[in-house]
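Student: In case you want the letters, here they are:
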Amino acid sequence: MELRLEGVSHCYGDVEVIRNIDLSIPKGRIVCIVGPSGCGKSTLLRFLGGLERPTSGTVSQVGEPPADSINPLTYVFQDFALLPWRTVEGNISLILSDHGVPKKRADEIISDVLARTKLSDFRKALPKQLSGGMKQRVAIARALAVNPAVLLMDEPLSALDSQTRELLMDDLVDLWTRSPFTAVYVTHNLAEAVRLGHQIVVLSRRPGKINEVVEIDTPLADRSATDPELERTQQHLWALMRAEAEAADMELIDD
Amino acid sequence: MTDIATQTPDVRPVEFRGGGFRPSSPRWVGALVFVLLIAFLEWGTRAGFISSLTVPRPSDVFLTLWDLAASGALWTNLAPSLMRLLVGGTIGATVGIAVGVMIGLFSFARAGLVPLVAAIFPIPKIALLPLFVIWFGIDEASKYALIAFGTFTPTVVSTYGAVDNVDRSLIRMGQSFGLRWSTVVFRIVLPGAMPGILSGLRVSLAIAIILLVAAEMLGAEHGIGAYILQAGSLYDLERLFAGVTILSLLGVLLSAAVGAVEKHVLGWRT
Ligand SMILES: Nc1ncnc2c1ncn2[C@@H]1O[C@H](COP(=O)(O)OP(=O)(O)O)[C@@H](O)[C@H]1O
Ligand SMILES: [Mg+2]
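If you're matching them up, the sequences are chains A and B in order.
Each step along the first sequence adds one to the number in my numbering, with nothing skipped, and position 38 is 38.
For my numbering, count along the second sequence from 1 and bump the result up by 1000.
Cut-off 30 Å, straight-line C-alpha distance, at most; resulting in silico cross-link-like pairs (DSSO-like, lysine-lysine):
| hint | chain 1 | residue 1 | chain 2 | residue 2 |
| --- | --- | --- | --- | --- |
| 1 | A | Lys118 | A | Lys27 |
| 2 | A | Lys124 | A | Lys104 |
| 3 | A | Lys124 | B | Lys1263 |
| 4 | A | Lys118 | A | Lys103 |
| 5 | A | Lys128 | A | Lys118 |
| 6 | A | Lys128 | B | Lys1263 |
Partial list, derived from the structure: chain A residues whose beta carbon lies under 8 Å from chain B:
| hint | residue |
| --- | --- |
| 7 | Leu51 |
| 8 | Thr74 |
| 9 | Trp85 |
Bear in mind the hints are in silico, worked out from the structure with no lab data behind them.
Every residue gets a Cβ at the ideal spot worked out from N, C-alpha and C, and that includes glycine.
Work out the full structure, taking the sequences as your base and the hints as a guide.
Tutor: The structure is reproduced here in structure tokens:
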């Protein structure tokens, strides 16, 4: 299944947030969306998953999601959004049981996703007992459990410290290499974008428009933090964003 | 800065400026306050600088309580009072939580009921006693109604406040996973509002005890409130204080019960 945005524009009141965006999310690839803060990245992601409707333009899904997909468009949030009163297992089982997955099958799914995210030992832990990195792993495990057609990730690593971020990036690359998934990955961190993106969409400052789309052909598994090619791409992205970020920073907040 | 080499610098510890503003409550302090106060009254009434007309002697109050318990009168008065608290409080709290959740969830309920609740809240429910008697008769029903009505409004207000305070990102998460509406309400909104609901319940239960006495002003043969009122009209201060002590203890017990529930249900809080 693919996702497609056509002529999407959006205003909150009289503040224009997004202007005329055309974008398609190809199957089995990770599309990174970067842009200065406030340019409408999260808003765009909410359109993609149907949590909000744009003022104009269409958001469509092309093709059927896999038959065994429980929740085709699934989010991973920056603030994890784990229910603090449920255990790791409980956070996942809530969703499976609500979608009518039988208990036994749900247990199998939970064991599988916890193993894939290295959480098997934490099945009965409460969120308050986990570090930030662990919490985001749980959120990723929960997203994988519903077998999404497209993962929608909103700055999933932004609340974590830089070491944890490195580790989780490696884990995401591992997960993708073992079984490629489709994802839209919003971030303001260019290092993350060049590590994880097959395609990087650079947005301008508000109102967000597509400035440029950069393709990176190096396979995810072969990318290292010191790769000169990636370094160059990152420099190029920064050159594109720098002026925008500066201008966005100087803007008066009047909304 | 030129004299560093010639003068030995003055070394002293950095002055501590943190601390305070973080009350913790060691249990014994609370008990100590009670003990000291009672000891003082006992001493004062015995020494004579507090007249026994002002405040009864604590030991006399204790003896009265003892007699009350020994004669079985304690139970004949306590049982109906507890029943009234239980029935009235349960009705008030249940309906209050239900209405509060509706106000928290539905725009129409909010628009329609918030002003109504704001209008009802400040009415002294005691003033409506005659009305309740007309509606529900002089028997138990009017007493239940008074207590239920009195606990209802504070419960509504604290409940919808608690629902409003549930982390919106959790609700968005539930929607993004395509959870059913009922699952979002019962598995996300209600547990998330539980801390606020329980702390509101503490206030509501205290109000229920206050209203118990008011309810028993009307044709109650037995009951702690009736007992206090009787003693009061006779200026029998020992019995009056014995009754008041029972109410206080009841308040402490109810508050402790809510505390125990909180500890059990809200263990997930950091
Ligand atoms: N629900 C909303 N109502 C009004 N304005 C909003 C709302 N959500 C976001 N905005 C505004 O839209 C702009 C883009 O927000 P967002 O998509 O969160 O940006 P980003 O994720 O790129 O930092 C910001 O200026 C923000 O203040
Ligand atoms: Mg954002």
